Structures are given as C-alpha cells and as structure tokens.
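Chemist: With chain B held as given, fit chain R onto it using these hints.
Number of protein chains: 2
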Amino acid sequence: MVELHPRLQQDTRALGETPLCWIRYMNDRRFPWLILVPRVAGVTEWHELAVQQQQELLALVNRCAENLKRVAAVDKINIGALGNLVPQLHVHVIGRHDGDPCWPGPVWGNGAPQPWPEGESPDWLQPLRESLSDRCA
Amino acid sequence: MVELHPRLQQDTRALGETPLCWIRYMNDRRFPWLILVPRVAGVTEWHELAVQQQQELLALVNRCAENLKRVAAVDKINIGALGNLVPQLHVHVIGRHDGDPCWPGPVWGNGAPQPWPEGESPDWLQPLRESLSDRCA
Chain B
0 MVELHPRLQQ
10 DTRALGETPL
20 CWIRYMNDRR
30 FPWLILVPRV
40 AGVTEWHELA
50 VQQQQELLAL
60 VNRCAENLKR
70 VAAVDKINIG
80 ALGNLVPQLH
90 VHVIGRHDGD
100 PCWPGPVWGN
110 GAPQPWPEGE
120 SPDWLQPLRE
130 SLSDRCA
Chain R
0 MVELHPRLQQ
10 DTRALGETPL
20 CWIRYMNDRR
30 FPWLILVPRV
40 AGVTEWHELA
50 VQQQQELLAL
60 VNRCAENLKR
70 VAAVDKINIG
80 ALGNLVPQLH
90 VHVIGRHDGD
100 PCWPGPVWGN
110 GAPQPWPEGE
120 SPDWLQPLRE
130 SLSDRCA
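Protein chains in written order, with numbering that gives the first Met the number 0: chain B, 0 to 136; chain R, 0 to 136.
No lab work stands behind these hints: they were computed from the structure.
The model shown is predicted, which means the values in this text are computed figures rather than measured ones.
Worth double-checking, as some hints may not be accurate.
Copies of one chain are not kept apart here, so a pair can be met inside one copy or by any two copies together.
Calculated pairs, EDC-like style, for lysine to aspartate or glutamate (alpha carbon to alpha carbon, straight line, at most 16 Å) [to be verified]:
(1) Lys-75 with Glu-119
(2) Lys-68 with Glu-47
(3) Lys-75 with Glu-55
(4) Lys-75 with Asp-97
(5) Lys-75 with Glu-129
(6) Lys-68 with Glu-44
(7) Lys-75 with Asp-10
(8) Lys-75 with Glu-47
(9) Lys-75 with Glu-44
(10) Lys-75 with Glu-65
(11) Lys-75 with Asp-122
Chain B on its own, in the form it takes in the complex:
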C-alpha cells in the first residue's frame, strides 16, 4: 500500500487519479500548479520506474501541461521533478505568465504560498478535470 508523502498531503488537494498516478494541485492561489505522483513504492527518480511507467507518466505530464495551458490561459508551462525535500517521486506541472509573482524565476523556494480559503478552489479546476476525464477518475 503506497501512501502520499505527508508533506504532499499537507500542501496539495486532490484533483483526480489515473491507474498510475494521483493528480493533485498545490494549495497556492499564486499559480495553477499540478503535482503528479505515481503510486509506486520506494521510487525517488523518474528513471527508477519501469520503462512503460516512465512513458505513462510523461504522457500524463504532457496531457496535463497542454490542457492546463489552455484552461488556465497561461503563457508557459514549467515542468519539474526535483524531490530534494520530498523523496517520493512527484512531477510539478506549473502554469506561468509574464507578471506572475515569481516570473521569470522558478516558483520553487520563491515566496510564500497563498492557500485557498476553505470551500474555494481555482476557476480552472473543473475545466481541467473535464479535459482529463477520459483518463482520470
């Protein structure tokens, strides 16, 4: 039984899931920011997944990137797999635009998150969910 790392549990909210991954979004109003987490025990690097899983994760990353860019109307997608603080493999898919709080720098370690109030969520959430509905529960 694979569990979501407590830090990811704390910082993100559920969006959906695929056979391989949890799809979460960062609880931070500053950016449309997805976190994709394969439900595979003990994996810290993308290359440690089975080759089929590596490609399945990429397909989801790119599917999320393309749809997030459209529904959140951002200028650029930033993709990152860092894991210096949270060893459980997770991939960031972040919508960026000229003028956002960190532009043109990276979002990681740059400023403080602005959590959504209880009961509020981003406008892009439902359109994104619908755009992924054929591969996402």
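Modeler: Only chain R this time, still in chain B's reference frame:
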C-alpha cells in the same frame, strides 16, 4: 536549419548529440548539469513535440539522469523544463547533493555560475560520454 539559442550557446558546452537532440553541459563548476535540446524548429513546450519525439526525449533524459547520478556520484537528480527566459525547448538534468551551493533549493536563479577555465572540464564528462556512446555521437 535549427540553431541553438544564443543564450544556450553562451552558457553551455557541447557533450554530444543524438538523432533528436543536442546534449550540452552547463559551464558551471558548481553542479554536474546537462541541457538536452531537441533540434526541432519553433517548439517551446515538451507536449508540442510529436508523440514519438516526446518519448524519445524522455528516454534520453532518463538515460542521462541514471548515468549522471552514477558517474558524478550525486544524491539526487533534478529535472526541469522551464523556458521562461529561453523559449527554445530544453530540458535540464542536474546532479545534486546534500551540501551543494543551492541545496535543498533549486539551482535556477540561485547564485552565480562558476565557469570552467579554458581547457578544463568536469571529471564526470568522459565517463558520461562513454556511458551514452551507444546512442550519442
């Protein structure tokens, strides 16, 4: 004819190439830091590549990550596709270790590069080249 973006030309050195990508390394002694650049005109996002090229780029990213982690003896790989400053699609594969100048933060926009003196290059360069030799000219 696709050309390497002038900023990438200036900040990196050639390591090798595959049918799809230039493989470069950042001219910065602080980190073992690879930059993979598909030779495809006008592409700024990974998902804009043809599906076969998307998977080919991932296979190279993961092949480089696995070998860089071994030959440079680092603790963690950071992978990033940002492109907020340089629109030409390029993927960073960076070897990180506890105690490096930016640990545990990201390397992007964090401190100043320390270029290699003319004629000097990293110890891991030749072993990495050899580890990629079956898919890299």
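Chemist: Each hint needs a verdict: does it hold in this structure or not?
Modeler: Evaluation of the provided hints:
1. Lys-75 with Glu-119: neither (25 Å within a copy, 36 Å between copies)
2. Lys-68 with Glu-47: between (28 Å within a copy, 12 Å between copies)
3. Lys-75 with Glu-55: Neither: 22 Å inside a copy, 22 Å across copies.
4. Lys-75 with Asp-97: Answer is within: at 9 Å inside a copy they meet the 16 Å cutoff, but 30 Å across does not.
5. Lys-75 with Glu-129: Answer is neither: 21 Å inside a copy and 35 Å across each miss the 16 Å cutoff.
6. Lys-68 with Glu-44: Cα proximity of Lys-68 and Glu-44: across copies only (10 Å, versus 25 Å in one copy).
7. Lys-75 with Asp-10: Intra 23 Å, inter 22 Å, cutoff 16 Å: neither.
8. Lys-75 with Glu-47: between (28 Å within a copy, 12 Å between copies)
9. Lys-75 with Glu-44: between (24 Å within a copy, 8 Å between copies)
10. Lys-75 with Glu-65: Cα proximity of Lys-75 and Glu-65: one copy only (10 Å, versus 28 Å across).
11. Lys-75 with Asp-122: neither (18 Å within a copy, 35 Å between copies)
Checked against the numbered hints above, the structure breaks hints 1, 3, 5, 7 and 11 and satisfies the rest.
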